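A.B. asks: Each chain, written out:
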Amino acid sequence: MKLRGIGVGSMMYGLGYGFARPDFSTTDIELAPDGTVTIWNGASELGQGLQTLLCQLVAEELGIPYEDTFIITADTGRTPDAGPVSASRSTYVQGNSALKACRDLKKPMAELAGELLKTDPDQLIFKKGLVQDQNEPSRSISFTNLAGGMHQRGRRVRGSGYHSITTGDVDKETSQGDAYATYAWASQLAEVEVDTETGQVTVLRLASATDAGKAINPKMVEGQIEGGAVQGLGFALMEDMKIEQGEFKNAKLSTYLIPTAADVPMVEPLIVEVYDPTGPYGAKGVAEPATIPTAPTIFNAIANALGQRVRFTPATPEKMLKLLGKLEEKEEQITIEDMPYPEP
Amino acid sequence: MDENNLIKMELTVNGEAVSMIVKGGRRLLDFLRDDLHLTGTKEGCGEGECGSCTVHLDGQSVLACLTPMERAIGCSVLTIEGVGSPTNLHPVQAALLDEGGVQCGMCTPGMVMSALDLLERNPDPTIEEIIEGISGNLCRCTGYKKIIYGIQQAAQELQAASPAGTVKESVE
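Protein chains in written order, with the working numbering: chain A, 1 to 344; chain B, 1001 to 1172.
Source of the hints: derived by calculation from the structure; they are not laboratory data.
If you're wondering where the values come from, they're calculated on a predicted model, not measured in any experiment.
The beta-carbon is built from N, C-alpha and C at its ideal position, and this holds for glycine as well.
Certain hints may be false.
[As the list claims (entries may be wrong)] A few chain A residues that face chain B, going by a derived Cβ cut-off under 7 Å, partial list only:
#, residue
1, Leu46
2, Leu253
3, Ala261
[What the hints assert, rightly or not] Once the Cα atoms are required to be at most 25 Å apart in a straight line, the calculated DMTMM-like pairs of lysine to aspartate or glutamate come out as:
#, chain 1, residue 1, chain 2, residue 2
4, A, Lys249, B, Glu1043
5, A, Lys219, B, Glu1128
6, A, Lys242, B, Glu1132
7, A, Lys252, B, Asp1034
8, B, Lys1023, B, Glu1047
9, A, Lys319, B, Glu1043
10, A, Lys219, B, Glu1157
11, A, Lys249, B, Glu1047
12, A, Lys252, B, Glu1157
13, A, Lys319, A, Asp263
14, A, Lys252, B, Glu1049
15, A, Lys107, B, Glu1070
16, A, Lys249, B, Glu1049
17, A, Lys2, B, Glu1128
18, A, Lys242, B, Glu1047
19, A, Lys252, B, Glu1043
[To be verified] A few chain B residues that don't get close to chain A, going by computed Cβ distances all over 10 Å:
#, residue
20, Met1020
21, Arg1027
22, Leu1036
23, Thr1087
24, Pro1123
25, Pro1125
26, Gln1156
27, Gln1159
Extracted from the complex, chain A is given alone in its bound form (with noise of 0.2 Å):
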């Protein structure tokens, strides 16, 4: 028999590191003659899109086409330290520190351009190619021609921007305080089909939507969103890491199963945008959030389609069949205190 059921989950994320611990990001940033920038960040782009955001964020500060920057990230010769890609904290803080990085080189840019301009620095806005008075908009110089005019006289073409998010901590006895900079939030909705004979679970729909904050990329922030769902779904229904006296038994993609295409539905992903004021135009972090309610979304589904709740992951069809009881137990269930304790 196939039963169908439909499952909610929602989670909570504290972005970044939080309770204390160290959490920052320095960015560099260098203007060249011909008005194009590079960027240094000490972070690595692992898929994510890190480089490109920071490229998006940069030309976005500095009113410059992205063709004009140019990144260099994770090389410690060159970068500096931007921590670690972790904690769904890149676009948060990395992010914020390359924003930061901007505003410092537009400092000396704008005293030139007052000094050309015989107008107020303050009053200076960099926006489409232009640097400009915004009280007096006929009062303006190309971005180019003012990195040009930067390098003749000399002046500093150097920013550099250090952001940090480190919390203060939480009070020990009562878990109250300041725990993370900021927080995510996410919800995901399933459907799954239970075959009551194989124990099969198949997801059919699988819809997600998370808070960004604000999407500086939004195909990129789907692509978080969509991959990040399918790896809750791996978690939920397939990932069984197999772990003995402290070594991996499956360290293999012939043994430990991922999903593949025929696995997974479409996910179906919804961007939330709900205005960040501390992060970079809003922005947040999306990575973990869009992970972590995959798994509680699928088994709240089984429980409506079965009316039984499953306690374990991954709900592979050997171990629904035992939860359904069309399978024995065969092996008693070892606990943590059965475990014997390896000889030294």
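Given the structure of chain A, go ahead and fit chain B onto it with the hints provided.
C.D. replies: Okay, now just chain B, sitting in the frame of chain A:
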């Protein structure tokens, strides 16, 4: 075969004749990456599970990690380096980029080779057929959706460009 197990590899790789004497008894993957320095073909698992080392051998898609290099002697091998170039992407590559089907890039070369193999056999695949066509290629980043839509978009473009043409023509 002499004591050093040297063999003569004579074959065609990406349309160019190759003839070299190298250590034998290795995988086609090692020959491509270590001897020819064609590092676009990736080694993911090395045990035929992930598909990231997919190449074409005489027009058939094979896993270079499971193919003995000697098997390629006298054959024609197509790797990702023979499919488009950074300035002149193949429609499948362009569509994957356009759709957002590339994140870390580790699976991408194998994914493109599997897609080309699929479109060669079936120029107008359904979504289900695309899913089946790439189900041997693992991707940990994207969730597959953008890859599937990318391949669909490329199929439509290739169909529109030359309804009677084949994917092979588009590669050469």
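A.B. asks: The structure should be examined with respect to each hint, and the outcome stated for every one.
C.D. replies: Structure-based check of all given hints:
no.	hint	result
1	Leu46	holds (6 Å)
2	Leu253	holds (4 Å)
3	Ala261	holds (4 Å)
4	Lys249/A <-> Glu1043/B	holds (21 Å)
5	Lys219/A <-> Glu1128/B	holds (23 Å)
6	Lys242/A <-> Glu1132/B	violated (29 Å)
7	Lys252/A <-> Asp1034/B	holds (23 Å)
8	Lys1023/B <-> Glu1047/B	holds (21 Å)
9	Lys319/A <-> Glu1043/B	violated (33 Å)
10	Lys219/A <-> Glu1157/B	holds (21 Å)
11	Lys249/A <-> Glu1047/B	holds (16 Å)
12	Lys252/A <-> Glu1157/B	violated (38 Å)
13	Lys319/A <-> Asp263/A	holds (18 Å)
14	Lys252/A <-> Glu1049/B	holds (9 Å)
15	Lys107/A <-> Glu1070/B	violated (64 Å)
16	Lys249/A <-> Glu1049/B	holds (17 Å)
17	Lys2/A <-> Glu1128/B	holds (22 Å)
18	Lys242/A <-> Glu1047/B	holds (19 Å)
19	Lys252/A <-> Glu1043/B	holds (13 Å)
20	Met1020	holds (32 Å)
21	Arg1027	holds (16 Å)
22	Leu1036	holds (26 Å)
23	Thr1087	holds (15 Å)
24	Pro1123	holds (19 Å)
25	Pro1125	holds (13 Å)
26	Gln1156	holds (18 Å)
27	Gln1159	holds (22 Å)
Checked against the numbered hints above, the structure violates hints 6, 9, 12 and 15; every other hint is satisfied.
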